[in-house]
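Colleague: Take the sequences, apply the hints, and build the full model.
Residue numbers (my numbering), protein chains in the order written: chain E, 2 to 114; chain R, 64 to 175.
Keep in mind the hints are simulated off the structure, nothing from the lab. There's no promise every hint is true.
[Unchecked claim] Computed cross-link-like contacts, DSS-like style, restricted to lysine-lysine with a CA-CA straight-line distance of at most 30 Å:
{"id": "1", "chain 1": "E", "residue 1": "84", "chain 2": "E", "residue 2": "10"}
{"id": "2", "chain 1": "E", "residue 1": "58", "chain 2": "R", "residue 2": "121"}
{"id": "3", "chain 1": "R", "residue 1": "112", "chain 2": "E", "residue 2": "72"}
{"id": "4", "chain 1": "E", "residue 1": "58", "chain 2": "R", "residue 2": "162"}
{"id": "5", "chain 1": "E", "residue 1": "10", "chain 2": "R", "residue 2": "162"}
{"id": "6", "chain 1": "E", "residue 1": "71", "chain 2": "R", "residue 2": "162"}
{"id": "7", "chain 1": "R", "residue 1": "132", "chain 2": "R", "residue 2": "162"}
{"id": "8", "chain 1": "E", "residue 1": "84", "chain 2": "R", "residue 2": "162"}
Keep in mind that this is a model prediction, so the values were computed, not measured.
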Amino acid sequence: DGGITQSPKYLFRKEGQNVTLSCEQNLNHDAMYWYRQDPGQGLRLIYYSQIVNDFQKGDIAEGYSVSREKKESFPLTVTSAQKNPTAFYLCASSPGGWDYEQYFGPGTRLTVT
Amino acid sequence: AQSVTQLGSHVSVSEGALVLLRCNYSSSVPPYLFWYVQYPNQGLQLLLKYTSAATLVKGINGFEAEFKKSETSFHLTKPSAHMSDAAEYFCAVSEYGNKLVFGAGTILRVKS
Chain E
2 DGGITQSPKY
12 LFRKEGQNVT
22 LSCEQNLNHD
32 AMYWYRQDPG
42 QGLRLIYYSQ
52 IVNDFQKGDI
62 AEGYSVSREK
72 KESFPLTVTS
82 AQKNPTAFYL
92 CASSPGGWDY
102 EQYFGPGTRL
112 TVT
Chain R
64 AQSVTQLGSH
74 VSVSEGALVL
84 LRCNYSSSVP
94 PYLFWYVQYP
104 NQGLQLLLKY
114 TSAATLVKGI
124 NGFEAEFKKS
134 ETSFHLTKPS
144 AHMSDAAEYF
154 CAVSEYGNKL
164 VFGAGTILRV
174 KS
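Modeller: This is how it looks when you write it as structure tokens:
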């Protein structure tokens, strides 16, 4: 079955530690996205990549980093510089530009204490 | 700049009643409009998408939405609510070439 996988489902870290969230897709999509979801705020774009080896900052990129070395993979690192990292993180992919449907993974819930 | 407003963070309906979730957008050009659904602790799933081919768009699970340019609205409806419709619903807008912007979401509760 084609789809998007995110791992792990739940992640716990101590304040001051960097953590990397995994996102893999086997849909052969060119574009991939990372969103952060907080209650009552909808989804906010962190980073996106429309092609391998290229990515752009979204609305809330500070304290996050990404890489896109392979078409199927788009890992997100939450660094210690992110002031409020506890959130639900969603990865998505699409065949092309912003007018295409985005396919979402199941999400990773990160808790930092 | 494009933006989305979803009226009502929580909507409660009885099973079998009409579901109406409201979405208003602002866009300087004809937009692409989407409705997504999210069940607890899961990702989002596309319900339907407007791409200017028809103003009334039919989606999955009996949902539909009507694009009204004069009202800048794209409200989501379903004639008869089912318990399984309880979830959070997101409206989203994209202008051509610009990123997707999501509304804050509406949590739908279905009472038996």
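Colleague: Taking the earlier hints as the rules, which of them does this structure contradict?
Modeller: 2
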